[in-house]
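There are 2 protein chains.
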Amino acid sequence: MPAAPLNGAPLIGAIEAGGTKFIAALATPEGEILARTRIPTQTPETCFPALADFFAAAQEEHGPVAAFGVASFGPIDIDPTSPTYGTFTTTPKPGWQGARFHDVLGSFGAPIVVDTDVNGACLGEWMKGAGQGCRTLAYTTIGTGVGTGVVSHGRSLMGISHFESGHILPPHDRTLDPFAGSCPYHGDCLEGLASGPAIEKRWGKSLDQLAGDSAAIDLIGGYIAHLAASLVLLQMPDRLIFGGGVMKAPGLVESVRRQTEAKLNGYVSHPRLDAGLETYIVTPGLGDDAGITGAIALGCQALDVALPG
Amino acid sequence: MPAAPLNGAPLIGAIEAGGTKFIAALATPEGEILARTRIPTQTPETCFPALADFFAAAQEEHGPVAAFGVASFGPIDIDPTSPTYGTFTTTPKPGWQGARFHDVLGSFGAPIVVDTDVNGACLGEWMKGAGQGCRTLAYTTIGTGVGTGVVSHGRSLMGISHFESGHILPPHDRTLDPFAGSCPYHGDCLEGLASGPAIEKRWGKSLDQLAGDSAAIDLIGGYIAHLAASLVLLQMPDRLIFGGGVMKAPGLVESVRRQTEAKLNGYVSHPRLDAGLETYIVTPGLGDDAGITGAIALGCQALDVALPG
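Residue numbers (this note's numbering), protein chains in the order written: chain S, 2 to 310; chain V, 2 to 310.
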């Protein structure tokens with residue numbers, strides 16, 4: 002028989018599902034992690050039973066899971082009104098298309114909220130990281146892929162699907178940058194020009210290894226600044242966070258700030274931007290913990306528990 | 002003494018404030034207009050007393066105004082938590098900077114909701130026009146200026162301010178289109194390339210007068226398609242409505258559909274887009290009535306009356 006919940010508080014089952022690993026945790030709604038595991042992202046046949054075993058053992062020790070929050074790689078159906086909510090859609094990842102989180106978590110009898118990894122990271126940063134106090138916060142990852150989550154008043158925004166900011170088209174001067182782009186759909190969209198794989202394909206090394214090359218930094222910074230300016234004009238967030246592996250290149254966030262400011266050219270006048278973009282365009286505050294923190298916040302939404310912070 | 006409200010329903014004072022004229026109406030929450038007037042947009046000193054006189058006479062005849070909804074030209078502060086909510090900010094329009102709708106409407110003692118003209122039109126189209134049934138709807142006007150409003154679940158979205166979609170930067174091939182653009186801030190942003198004044202400045206005539214020139218239609222259609230694709234990727238609406246004077250040019254909406262489809266290139270797969278964009282990218286359903294219909298809906302929000310439709 003499971004032990005009573007810690008202090009009587011309901012417990013959250015949180016999952017950060019990434020392309021290479023799953024992090025699963027049992028946590029309090031305030032974010033205290035009571036148990037945690039790491040499972041390699043192989044196929045649902047290996048990964049899902051391991052998840053079920055972890056949560057079964059964790060609730061045996063700490064008390065029953067009251068709600069699940071999942072922040073997952075995609076593409077995945079995150080529309081709660083859809084009959085296929087929580088199902089991987091057109092992912093090229095072998096075995097995952099059609100897999101559904103409800104298949105493994107449903108047997109626990111707790112409500113489940115599923116969102117994208119980047120929405121989860123945005124929610125985590127909003128709750129406990131660099132986005133605290135923001136009414137509208139945009140979190141963008143520039144890494145293997147490029148994606149943006151937007152949280153407004155503590156909920157992630159979506160329309161008919163999650164956003165796909167990686168596929169916007171920045172102006173591309175082929176004299177300056179003859180690289181044709183690596184996106185199989187669009188060639189030189191943002192992801193095709195500025196993702197980690199695009200950078201490797203163009204220069205044979207990572208941006209980090211090119212850090213002394215200010216022209217390379219400014220080229221990539223300019224593409225990212227195009228997204229930053231577009232997010233300002235089409236979402237008007239209180240703050241933009243840029244994370245992911247590419248953003249770790251020294252000098253890049255400074256270049257993004259400088260070029261975003263040049264692109265907007267003073268048109269958007271607001272106290273949050275007017276003093277310079279040092280506090281408007283920032284890097285993540287939580288590092289590798291944003292995803293699991295966001296998954297806990299999603300679990301809290303499933304409970305309709307008031308979010309801490 | 003004012004007459005009793007019609008059927009006991011609360012009455013809405015609605016104002017569509019445009020750059021050349023104000024439309025003011027007293028209406029039921031269902032949108033039936035009981036009295037209506039048109040006031041030239043001169044200065045607040047002439048315009049505001051005329052508004053006050055109209056509503057005083059209208060409520061004498063039909064019953065008291067229970068709430069006001071205002072859909073206005075801008076820039077205007079639409080943040081309800083701001084101390085300057087409802088105040089014109091940096092508008093170059095002589096006399097209007099610092100004018101505030103609460104100064105004229107406050108004496109009626111009814112709650113006031115102020116939003117932008119394009120958000121109002123979006124709300125109107127959502128309620129009774131081409132956006133009925135959409136959960137997320139984007140309405141863009143391409144006219145003297147370019148702007149987009151987005152309504153989600155019956156409320157217009159905003160961040161620290163209203164959106165400024167007219168100032169996004171489409172790719173600009175200067176070999177194909179040597180026109181430098183007319184935006185005083187950005188030169189060749191969307192408004193600088195595709196607004197009515199930009200078209201007049203480039204070709205000395207309106208796009209309507211150039212309707213036989215398919216290269217001109219496709220050039221402007223391509224710039225607008227850049228916004229359409231960006232809205233899909235960053236907002237994922239159920240539908241995009243494009244209105245305003247420029248959109249009346251024959252063949253333009255078809256060109257926007259065709260080029261948006263080419264830009265997205267099948268990446269966003271969803272039933273609303275997969276069958277072609279004929280029902281996804283459309284022109285307004287209400288014509289000139291979108292603005293005042295939206296202002297009535299804003300008044301309903303001020304009342305917290307459930308919106309019809």
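There could be a bad hint or two in this list.
Unchecked claim - Derived CB-CB ranges, DEER-like:
#, chain 1, residue 1, chain 2, residue 2, range
1, S, 144, V, 38, 56 to 62 Å
2, V, 176, S, 188, 55 to 61 Å
3, S, 22, V, 176, 44 to 50 Å
Claimed, not checked - Computed list of chain S residues with no C-beta within reach of chain V, every gap over 12 Å:
#, residue
4, 45
5, 62
6, 112
7, 139
8, 145
9, 174
10, 179
No lab work stands behind these hints: they were computed from the structure.
Note that this is a predicted model, so its numbers are computed, not measured.
C-beta: ideal position from N, C-alpha, C; glycine also.
Okay, the hints, checked on the actual structure:
no.	hint	verdict
1	144(S) - 38(V): 56 to 62 Å	holds (57 Å)
2	176(V) - 188(S): 55 to 61 Å	violated (19 Å)
3	22(S) - 176(V): 44 to 50 Å	holds (48 Å)
4	45	holds (21 Å)
5	62	holds (41 Å)
6	112	holds (21 Å)
7	139	violated (9 Å)
8	145	holds (17 Å)
9	174	violated (10 Å)
10	179	holds (16 Å)
The structure is inconsistent with the numbered hints 2, 7 and 9, although it conforms to all the rest.
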